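Asker: One-letter residues, chain by chain:
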Amino acid sequence: MVLQTALLIGLVIFSVLAILLKDLLKSAISLAAASLLLGIIFFRMNAPYAGVFEISVVAGLITVLFILTIALTGAGHDVRESKLVNWAFPLVFVAFIVIDALVMKSLLGKVPALPSGTEAGAFGDVLWKGRTLDLVGQIAVILAGVFAVLALFRKRDKHD
Amino acid sequence: MTNTWYLYLFFAAALVFAGLLGLLGKRNLIKLFIAIEVIGKGISLFLLSTGFAKASILTAQALVITYIVIEVSLVATALALIINIYRQTKSLDIRNLAKLKG
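Chains as they are written, first to last, in my numbering: chain A, 329 to 488; chain B, -6 to 95.
Extracted from the complex, chain B is given alone in its bound form (with noise of 0.2 Å):
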């Protein structure tokens, strides 16, 4: 049992490590997006091995589904902002937020 939960933190890790990469280096706003929900994938997968694990996996399922919803509400919210940035500056380009003015 230990042995699989190893295995999926393995893939979790690497999961939020290319999320985070791709953060660091992307400048689109919709694929900085799309590495947070990256990051999300292995969190959960994180969560529900644990549970899994630890024979607590009610719990955990019920933490996931926490999660998901936050996260649906989460993207409905990002995506309306990019739209309305896109509108402001016509361009998905990260840097031009730099350029704000008051």
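The following block holds chain A by itself, in its conformation from the complex (with noise of 0.2 Å):
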């Protein structure tokens, strides 16, 4: 429990750090680390198919995108951030932090609780049998995503 609680803190650390750092590359960086960390969370919850696509799809393909793209926008330098949030961000957070644990438990209790049946059968008889919708949902969305990607990469016509 204490080495799940340092992973969660340091999740915590790397994203705040990500969203802190005013470097880019190494805010694409604490976002791959914070997903490792989440990757090992999942892991020690007994999840390992939802750790090894966080650690290999997340904290590797979309780190590599987030890379790519600094590279070819020049990791807008131009941009001028707002002084009075480097400095606000860690105090509304922080406060953020000590409201969090003084009433989520108290709010928590009184979300009444739904019936939970045991799961019976593999992983994958509960991914194919029990979500097969989810699945055609996912590839609609991939086919989606490549659809979206070439239309905006496309070249244009020398009539336009």
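Each statement offered as a hint is correct.
As a list, the in silico DSS-like pairs of lysine-lysine whose alpha-carbon atoms are at most 30 Å apart:
#1 354/A to 411/A
#2 92/B to 483/A
#3 83/B to 483/A
#4 92/B to 411/A
#5 433/A to 47/B
Covered stretches of chain A (in silico footprint by chain B; criterion: 3 or more residues with CB under 8 Å from a CB of chain B, positions within the stretch not fixed):
#6 334 to 345
#7 354 to 363
#8 367 to 380
#9 383 to 392
#10 420 to 426
#11 464 to 470
#12 475 to 484
Part of the chain B face toward chain A, derived, beta carbon under 7 Å:
#13 3
#14 8
#15 15
#16 18
#17 23
#18 27
#19 28
#20 34
#21 45
#22 50
#23 51
#24 58
#25 59
#26 61
#27 73
#28 77
Simulated from the structure, these hints should not be mistaken for laboratory data.
Keep in mind that this is a model prediction, so the values were computed, not measured.
C-beta atoms are modelled at their ideal positions from N, C-alpha and C, and glycine is treated no differently.
Put the two chains together into one complex, using the hints given.
Answerer: This is the structure:
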């Protein structure tokens, strides 16, 4: 439990760093580190498939996409961030953490617990038989993403 | 078990709030998208921890994998849009998008 809490604290620290750091490349690497920690947390929660996806796809592929975009756009050095945000962010965030720690438990206690039956079978059964429609949706979303990227990067006609 | 659930939800809420603060305060388009990613991490932690606490980890895993697939598609499309916006405006400042003309 101590290790899990340490991993969760690391996850929040790296995520906050990803938002606060000025250098976009360091931000992207912080986000990858946060994904890696989240993947390890998933492994420790007996969810190896979600952990593998999180580490390989989110920490790997999405970081590569971010770094590619940063390289193609010149990291946006022209953007002036508000100075107010830089010191207000940590203050507001710490205030939220304190409020979160104080009221979260009592608020969640008021949520009525839904009945949950125990699951049977392997993960493959649940994914392929129980969530079949999700898989069809995933295929549709991937196709939509591919067509969107193709449309955005298509070459202009000479007449345009 | 319930205390563990509260702990996970505490951190998931912190992640979502950090992402929302980033969305409100930052002006760089890539930074804004990183904030959206952080919110997504909070949501997937919330989903999986609830499945873990309620003894339905397999369904929660299936949902998280679905979310990750959607996330990849979203990231690819959004980053392609950001690159196109940069080509048009030569800037990643979100305020420049308010000057769009038809």
